[in-house]
Amino acid sequence: MKTIIKLTRYGIISAARSRWILGYTAFFFLASEGLMRFGGDTSKAVASLLNVVLLLIPLVSIVIGTMTVYNNRDFTELLLSQPLKRGSLFAGQYLGLALPLTAAYLLGVGVPLLARMGSTDSVTNAGLVLMLLASGTALTHIFTALALVVATRYDDRAFGLGAALLLWLMAAALYDGIMLAVIWTFRDYPLEMPVLAMSILNPIDLARTLVMLKFDVAALMGYTGAVFEKFFGTALGMSAAASALLFWVLAPFGLGMKIFAKKDF
Amino acid sequence: MIELRNCTKRFGEHTVLNGINLRFEAGSVTAVLGPNGSGKTTLMKTILGLVRPESGEMFIEGESVLGGAEYRNVIGYMPQIARFQDNLTARELIAMIRDIRENPPGSREEELCAMFDLAPHLGKQLKTLSGGTRQKVNAVLAFMFNPQILMLDEPTAGLDPIAASTFKDLVLAEREAGRMILLTSHIMSEVHELADTIVFLLEGNVYFQGASAELLANTGENTLERAIARLLQEKNHSAAFELKNLKTQHFSA
Numbered sequence: 001m002k003t004i005i006k007l008t009r010y011g012i013i014s015a016a017r018s019r020w021i022l023g024y025t026a027f028f029f030l031a032s033e034g035l036m037r038f039g040g041d042t043s044k045a046v047a048s049l050l051n052v053v054l055l056l057i058p059l060v061s062i063v064i065g066t067m068t069v070y071n072n073r074d075f076t077e078l079l080l081s082q083p084l085k086r087g088s089l090f091a092g093q094y095l096g097l098a099l100p101l102t103a104a105y106l107l108g109v110g111v112p113l114l115a116r117m118g119s120t121d122s123v124t125n126a127g128l129v130l131m132l133l134a135s136g137t138a139l140t141h142i143f144t145a146l147a148l149v150v151a152t153r154y155d156d157r158a159f160g161l162g163a164a165l166l167l168w169l170m171a172a173a174l175y176d177g178i179m180l181a182v183i184w185t186f187r188d189y190p191l192e193m194p195v196l197a198m199s200i201l202n203p204i205d206l207a208r209t210l211v212m213l214k215f216d217v218a219a220l221m222g223y224t225g226a227v228f229e230k231f232f233g234t235a236l237g238m239s240a241a242a243s244a245l246l247f248w249v250l251a252p253f254g255l256g257m258k259i260f261a262k263k264d265f
Numbered sequence: 266m267i268e269l270r271n272c273t274k275r276f277g278e279h280t281v282l283n284g285i286n287l288r289f290e291a292g293s294v295t296a297v298l299g300p301n302g303s304g305k306t307t308l309m310k311t312i313l314g315l316v317r318p319e320s321g322e323m324f325i326e327g328e329s330v331l332g333g334a335e336y337r338n339v340i341g342y343m344p345q346i347a348r349f350q351d352n353l354t355a356r357e358l359i360a361m362i363r364d365i366r367e368n369p370p371g372s373r374e375e376e377l378c379a380m381f382d383l384a385p386h387l388g389k390q391l392k393t394l395s396g397g398t399r400q401k402v403n404a405v406l407a408f409m410f411n412p413q414i415l416m417l418d419e420p421t422a423g424l425d426p427i428a429a430s431t432f433k434d435l436v437l438a439e440r441e442a443g444r445m446i447l448l449t450s451h452i453m454s455e456v457h458e459l460a461d462t463i464v465f466l467l468e469g470n471v472y473f474q475g476a477s478a479e480l481l482a483n484t485g486e487n488t489l490e491r492a493i494a495r496l497l498q499e500k501n502h503s504a505a506f507e508l509k510n511l512k513t514q515h516f517s518a
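Chains as they are written, first to last, in our numbering: chain A, 1 to 265; chain B, 266 to 518.
Worth flagging that the hints you see were computed from the coordinates, not collected in a lab.
Be aware that one or more of the hints could be misleading.
Straight line, CA to CA, 25 angstroms or less: simulated BS3-like cross-link-like pairs of lysine-lysine [stated by the list, open to error]:
1) A/Lys6 x B/Lys392
2) A/Lys2 x A/Lys263
3) A/Lys85 x A/Lys2
4) A/Lys230 x A/Lys85
5) A/Lys6 x B/Lys389
6) A/Lys230 x A/Lys2
Chain A on its own, in the form it takes in the complex (with noise of 0.2 angstroms):
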C-alpha cells in the first residue's frame, strides 16, 4: 500500500511537469469558460460540453496512457529490479495516470461551471453539472485502465497505439451503428429493453444517457426516453449504472494486472 502512494506520486509529479496536461486542462478550462460566457446558462454550456467530454475523454486517456506505458518502459524494467511487488507497480502506474487526468478534467471544467452556480442556476443544474463531473471522471478511469491492458499486452508500440484507437473507434462510433443498425432491423418490435441494456454495455452511451437524463427536456424525448428516465430513476437503475461503470474500470484493471504480473521484460 505505502510503496502503490509512492509511486503514485511520482506519477503525478512526472505528469504535471508534462506539457500534454497543461494542454489538456487548458483545453478544458478554455472551453468551458467560453461557452458559459457566450453561451450564458450552464444547461446549455453543458449539453455542447458533453460531446466534446465523451469524445475527447477516452481518447485522450487512451493514447496518453499507452504512449506513457511505452516511453516508461525502461524506466518500469529499473522499478522491477527494486524490491516491488508487480501488483503496487501496477496499480501505482494506474494511479500515477488515471489521478493527473482526472483532476486535470475536474478543473479544467469543473471551475469554470461551479464557479457560477448559486448566483443564477437553479437547483437541478447542480444535478447535471455533477453528473457530468462524475461520468467524466469514470470515463477517464476506464479508458486508463484501457490502455494500460493494450500496453502491456503488446509490445510493439505502433500496433499498441492502433489498438488503442481501433478500441476508442468502436466505443465512440462504431457501437453507435451497430445499435442503429439493431434498432433499424428489429424496428416492429418492441425495442426499450434491448436499447436500454445495450446502453449500459458501452461506457461512452452510459456516460451520455447519465448526463441526458439530467436534463429538464429528458421527458421531451418520447416514450424511450421515459423509460430511461423511469429506470434510471429507481435505485435499482442507478447501482445498474454505477456497476457497470465500475466493472468497466474494474475488469481491464484486473486483467492488465493478470498480464503485467506474468510478462517478461
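Dock chain B against chain A, hints included.
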C-alpha cells in the same frame, strides 16, 4: 551465493535458456560471455525476476526466491543503457529509488556521485542526459545500498575511459568487500581484468564454466578473445563432425 537449477526460458519457439544449472559465489566476479542472443541478458533478468522462467528453481543463500520480491533488497542492478523518457531529474530518481527501498542506512550516493563527477548533472531531467551520464546514474543506483549481489549488464558500454576505469576500480573494491558480482561484456580486456570466473553461454546452454586461467590453459591461447574464438570454432567443428556422421549413418543404412 546464487544457485540456479534447471532454469528453462522460451520466447515462443526460441529456447533462450535450456535447463541451465549455475552457481555464483560471494567474493568473486563472474563474467557471462557469449555471442549476441545467447541468453546473457535473459539470464540476468531471470535472476532479477524481470523474466519468468517456464521451469526451474533459484536459491539465494539456500532460500528459494523465484517469484518473490523481497530478495531484490540484496541486489543492485545496472541495466544496459536505459532510455528514460521520464521528466524526473537525476537527483529525484536517486531519491525515489532510496524512498522505494525504505531509506536503508549507509547509502553511498554522495560518495558515488562525486566519484563519477555527477554533480553538474543531478539537477537535469533524465531524458536530456547523454547515454554515458545516464549509465553513471545507473551505476550510482546499483551500488548505493551496498548490495550483496551486483548484476552489471554491459556496464561500461557508453562510459568514457576515465569513468570506465573508475568503474572497474569500484567493481574490484566491491569484490574485495565480499560481494557477488555478475557482469556481461563484449570487451575482453575488461573481462580479463575483472573476472575470476567465466560462464560461456551458447544457444541457451552453459558451454563452459570455470576460471579464466583455466579457459586459457584449455584452449592453449594467450588472450581471452582468442580463447573464446577457439571455443566457438571447436563448437562449429564438432557440429560439422556430427552432421557428417549423421549423413554417413544415413547413407550406410
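Taking the hints in turn, this is what the structure says about them:
Between A/Lys6 and B/Lys392 the CA atoms are separated by roughly 21 angstroms; this keeps the pair inside 25 angstroms, and the hint holds. A hinted pair counts as satisfied when its Cα atoms are at most 25 angstroms apart, and A/Lys2 with A/Lys263 qualifies at roughly 23 angstroms. Only pairs whose Cα atoms come within 25 angstroms are accepted, and A/Lys85 paired with A/Lys2 is accepted, the gap being roughly 12 angstroms. As the CA atoms of A/Lys230 and A/Lys85 are separated by approximately 46 angstroms, the hinted pair breaks the 25 angstroms bound.
Note on A/Lys6 and B/Lys389: the hinted pairing holds, with a Cα-Cα distance of about 22 angstroms set against a maximum of 25 angstroms. Straight-line distance between C-alpha atoms of A/Lys230 and A/Lys2 comes to about 44 angstroms, which puts the hinted pair past the 25 angstroms bound.
In terms of the numbered hints stated before, the structure departs from hints 4, 6, listed from lowest to highest.
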